[in-house]
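Asks: Residue numbers (the working numbering), protein chains in the order written: chain C, 1 to 101; chain P, 1001 to 1168.
What the hints contain is simulated information worked out from the structure, not anything from laboratory work.
Do not rely on the hints blindly, as some may be mistaken.
Unchecked claim - If we take Cβ atoms under 8 Å as the criterion, some of the chain C residues that face chain P in the derived model are:
hint	residue
1	Thr-2
2	Val-3
3	Ile-14
4	Ala-21
5	Met-39
6	Val-43
7	Phe-62
8	Ala-75
9	Phe-85
Here the structure is a predicted model, which is why all the values come from computation and not from measurement.
Here a beta-carbon is modelled for each residue, glycine too, at the ideal position from N, C-alpha and C.
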Amino acid sequence: MTVPISYYLILAAILFCVGVASFLIKRNIITIFMSIELMLNAVNLTFVAFAHMWHQITGQIFVFFVMVVAAAEAAVGLAIIIAIFRTRQTLNVDQVNLLKN
Amino acid sequence: MQLALFIIFGLLAVAGAVNFLLQRHPINSALSLVVVMMSLAVLYWSLGAEFLAAAQVIVYSGAVMVLFVFVVMLLNAGEEERTHGSRAAYLAGVPGAAAVFCLLSFVFLTNSKAFGSTDITSHLTHAVNNIAEISQVLFKDLLLPFEVTSILILVAILGAVVLARKEQ
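With these hints in hand, go ahead and build the complete structure from the sequences.
Replies: Right, dumping it as structure tokens:
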């Protein structure tokens, strides 16, 4: 029993769009940051699916580099979130508007 | 067999993602995101990427999500409250995301024939090759980018330490 590659791609599209929706809807900085990780994961799934389709290893290498960058980004981003929480005492993005006026 | 695997873990991933969207407490969102990443690891394995399945479990659901849960606990983040901004985001965000999904799935379904289909048996017969191939490319052709990632992580660690340090 084989699975069409397009099923994997549609699953990745579902995950990506849920990530986009939660990026827009959520009001907590940490959850917004987590939805970025969800979108990165969805894109990784398309990379692996296309790598399988073309019988090439390059897509999997690219996923490896995306994982490395995501790990580094999570460390720096969470440090920034901690710094913002120290100064503003809130995690709500509606109340973090230093640059607005 | 592979179709059953895909359906079970695909549904699990979608359910985890929807639960991530609906939960209002950050810790529940983080835990459902772990479910999504674990089921994606199984899907990577079913696509013949054993190394990435292991890396997904170790790096994403191991390191990154533990970091997230740690920060949620450290900052003692409570439930997010509904504000005026979130209602506007609902009105703009949900149709926008649905439109992106419709566009993507239209493109994928119209080209469905060209994409072909997976077959796991040919991969499983020489399953060891995956890691051998990846290390061949990573340590020969892409040695410099691979080494540069270590510098990237070092810079990220230093940046995190500097940012999280208490001001005197």
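Asks: If a hint holds in the structure, say so; if it doesn't, say that too.
Replies: Here is what the structure says about each hint:
1. Thr-2: 4 Å, holds
2. Val-3: 5 Å, holds
3. Ile-14: 6 Å, holds
4. Ala-21: 4 Å, holds
5. Met-39: Status violated, d = 10 Å.
6. Val-43: 11 Å, violated
7. Phe-62: Since chain P brings no Cβ nearer than about 10 Å to Phe-62(C), farther than 8 Å, the hint is violated.
8. Ala-75: Holds - the Cβ of Ala-75(C) comes within 8 Å of chain P, reaching about 5 Å at its closest.
9. Phe-85: At 5 Å from the nearest chain P Cβ, Phe-85(C) passes the 8 Å test, so the hint holds.
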